[in-house]
Amino acid sequence: MVKIKIETTPEMVEKVYKKLEVNVKKFRISLNRPLTLTEKILAGHLEDEFLDKNLDEKINYVFLKPDRVALQDVTGQMVMLQFMQAGLDSIAIPTTVHCDHLIQARTEGKSDTKLAMYENNEVYKFLESASSKYGAGFWNPGAGIIHQVVLENYAFPGGLMIGTDSHTPNAGGLGMIAIGVGGVDAAETMAGIPWELLYPKRIGVYLKGKMSGWTAPKDVILYVAGELSVSGGTNSIIEYFGPGTESISCTGKATITNMGAEIGATCSIFPYDKRMEVYLKSTNREKISELANQYNDLLQADSEIENNPEEYFDKVIEIDLSTLEPHIVGPHTPDLARPISKFSDDVISNDYIDDISAALIGSCTNSSYEDMSRSSSIAKQAESHGIKAKIPLLVTPGSEQIRSTIERDGQIETLKSIGATVLANACGPCIGQWHRPELKDGEKNSIVTSFNRNFPGRNDGKRDTMNFIASPEIVTAFALGGSLSFNPLEDSLETQDGKKIKLSPPEIAPEVPEKGFVLAENVYVPPSENPDNVQVIIDPNSDRLQKLEPFKPWNGNDFTQLSLLIKAKGKCTTDHISPAGSWLRLRGHIDNLSDNLLLGAVNAFNDEVGKAKNMFTNNLENCAKIAREYKNKISTGL
12 MVKIKIETTP EMVEKVYKKL EVNVKKFRIS LNRPLTLTEK ILAGHLEDEF LDKNLDEKIN
72 YVFLKPDRVA LQDVTGQMVM LQFMQAGLDS IAIPTTVHCD HLIQARTEGK SDTKLAMYEN
132 NEVYKFLESA SSKYGAGFWN PGAGIIHQVV LENYAFPGGL MIGTDSHTPN AGGLGMIAIG
192 VGGVDAAETM AGIPWELLYP KRIGVYLKGK MSGWTAPKDV ILYVAGELSV SGGTNSIIEY
252 FGPGTESISC TGKATITNMG AEIGATCSIF PYDKRMEVYL KSTNREKISE LANQYNDLLQ
312 ADSEIENNPE EYFDKVIEID LSTLEPHIVG PHTPDLARPI SKFSDDVISN DYIDDISAAL
372 IGSCTNSSYE DMSRSSSIAK QAESHGIKAK IPLLVTPGSE QIRSTIERDG QIETLKSIGA
432 TVLANACGPC IGQWHRPELK DGEKNSIVTS FNRNFPGRND GKRDTMNFIA SPEIVTAFAL
492 GGSLSFNPLE DSLETQDGKK IKLSPPEIAP EVPEKGFVLA ENVYVPPSEN PDNVQVIIDP
552 NSDRLQKLEP FKPWNGNDFT QLSLLIKAKG KCTTDHISPA GSWLRLRGHI DNLSDNLLLG
612 AVNAFNDEVG KAKNMFTNNL ENCAKIAREY KNKISTGL
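Just so we're aligned, residue 12 is where the sequence shown starts under this note's numbering, counting upward by one.
Accuracy of the hints is not assured; some may be wrong.
[Stated by the list, open to error] With a cut-off of at most 25 angstroms between alpha-carbon atoms, the simulated BS3-like pairs for lysine-lysine come out as follows:
hint : residue 1 : residue 2
1    : 427       : 513
2    : 427       : 121
3    : 136       : 14
4    : 391       : 401
5    : 353       : 451
6    : 636       : 578
7    : 580       : 636
8    : 29        : 326
9    : 326       : 582
10   : 212       : 16
11   : 399       : 513
12   : 14        : 36
13   : 399       : 221
14   : 401       : 511
15   : 298       : 30
16   : 427       : 511
17   : 401       : 513
18   : 16        : 29
19   : 558       : 642
20   : 37        : 16
21   : 16        : 64
22   : 526       : 427
23   : 427       : 563
24   : 563       : 644
25   : 64        : 219
26   : 526       : 391
27   : 30        : 14
28   : 212       : 582
29   : 136       : 121
30   : 64        : 26
31   : 399       : 427
For the record, the hints were derived by calculation from the structure and aren't laboratory data. The structure displayed is predicted, hence computed values, not measured ones.
Given these sequences and hints, build the entire structure.
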């Protein structure tokens with residue numbers, strides 16, 4: 012049995028670059044024109060049969076060979092169960108499992124993580140044992156959020172990765188094509204089967220100028236979301252280019268590519284530059300940065316692209332970073348965008364709840380050292396005048412490496428000085444793992460976050476919670492102001508003695524710590540050296556884990572005369588089709604999980620949420636209950 016190395020080694024990266032070099036040359040000859048960065052990286056991972064084809068993104072499916080797979084602890088359960096059906100001794104490409112989705116935010120990080128390890132012990136034991144047996148790297152609960160850990164350890168410019176989470180494109184901030192996929196795609200790739208993708212369209216975003224003041228990388232993607240809408244990036248890779256890209260830190264770029272998922276993009280990507288080199292060196296990957304410098308021409312679009320982008324992209328957006336204002340999106344959709352200068356008018360005209368009930372910063376989207384430093388800069392100003400946050404301010408570090416570093420360097424202490432609570436290094440409120448007993452059902456309230464999604468019920472399971480998304484520094488300022496109508500660029504705060512003070516823009520923050528990152532300990536478990544001796548742990552009586560059984564062979568006949576279950580109305584995302592929150596605990600038990608089918612979808616026939624009319628009883632019932640009844644009648648011939 013060949014043992015796969017989990018780490019992104021220089022040897023692995025050089026092998027990728029050499030193949031990239033050969034394939035790009037062939038692909039350029041085939042197309043007879045300059046290539047975008049997107050085309051280069053895809054070409055480098057194409058199966059050979061596609062290299063001499065003039066691919067049409069409207070019709071062509073291609074087969075690719077990813078370099079890595081990343082799984083999180085919710086979707087990863089089913090992937091491992093599916094992989095076990097393949098009957099293989101080990102995974103075929105480097106794979107890691109990250110325990111970040113099952114930790115619920117209740118009080119604070121340490122106690123919440125400890126409780127999660129007790130409540131989810133059987134899931135963690137299953138994932139750890141399966142990883143150990145089949146050759147995957149396992150990151151313990153508390154190690155950090157999958158996308159931040161991948162950025163810190165595994166992502167590299169020019170690579171191709173798939174992951175079982177929609178925000179896998181976070182790695183695009185380090186020049187990697189990283190795409191969120193379903194469990195079957197991941198399991199098949201882990202088994203060595205080429206991955207199939209509809210060849211994507213290309214959207215170019217030209218950046219010029221340089222951000223200053225309150226404007227942050229978050230505002231770039233919030234602006235783009237407003238321009239393209241939640242579906243404007245569908246079947247497209249968004250490629251950022253132009254002189255403005257070099258002014259954005261690597262982690263700032265990751266913020267932008269992370270939220271490309273909110274506009275339906277396949278993924279987003281930035282070209283390799285000095286800012287990525289700085290990040291690679293600061294995370295102990297200097298040899299990989301040297302290779303990226305050596306193969307730099309493969310990690311950029313051809314020069315002709317920038318000179319005439321409309322010829323090579325299906326759509327081009329231009330942004331002047333020098334004039335870009337801080338933006339706020341929401342509620343209930345990430346494409347309802349407006350600059351902060353117009354936000355207070357929107358609050359009044361739409362009768363939004365002005366008082367903010369909570370402010371939350373961090374998550375996989377915005378928990379970098381730079382983000383936490385800029386937020387801390389705002390907190391430090393307030394603390395110097397004795398001003399505290401008027402509402403709960405919750406901080407989610409992206410990883411233990413980030414948490415321990417900002418603890419050492421003082422950002423945590425500064426944030427706590429204005430009343431902040433530090434949560435676990437996990438997804439928490441961003442994906443609905445937020446315990447809010449103080450909030451009554453049906454109670455309308457407003458929250459502000461630096462997260463990525465804000466669909467109804469997304470953060471706390473309460474559909475009446477309105478989530479407005481902004482940069483972490485703006486969210487921190489909102490926590491001090493306490494209301495949506497507070498504009499930190501224009502309005503003043505009041506001290507205890509009645510003095511008015513106005514916040515200054517956040518200080519320019521270092522993109523990486525001057526003293527280096529604190530290396531996290533006891534967060535990672537490598538695969539077993541003796542996998543044959545490892546037993547995958549699944550309790551046969553579990554209500555959370557269920558071994559899969561192969562489907563019965565197809566009899567060759569199509570299903571006919573099937574009844575329509577529901578017609579979804581309006582936005583219908585994966586959150587509506589299969590909600591997370593309390594259902595996360597069942598993701599390893601396919602039968603029990605199926606009870607959440609379409610719970611968040613609005614039925615166009617009756618405007619009910621998650622309900623449809625049973626054709627046999629004419630009663631309004633949950634979609635899952637009706638589906639089970641229909642399936643039973645089909646299987647029994649009734």
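Legend entry - Violations among the numbered hints, reported as their numbers in ascending order: Numbers 5, 8, 10, 12, 13, 20, 21, 23 and 25 - these are the hints that the structure violates, sorted from lowest upward.
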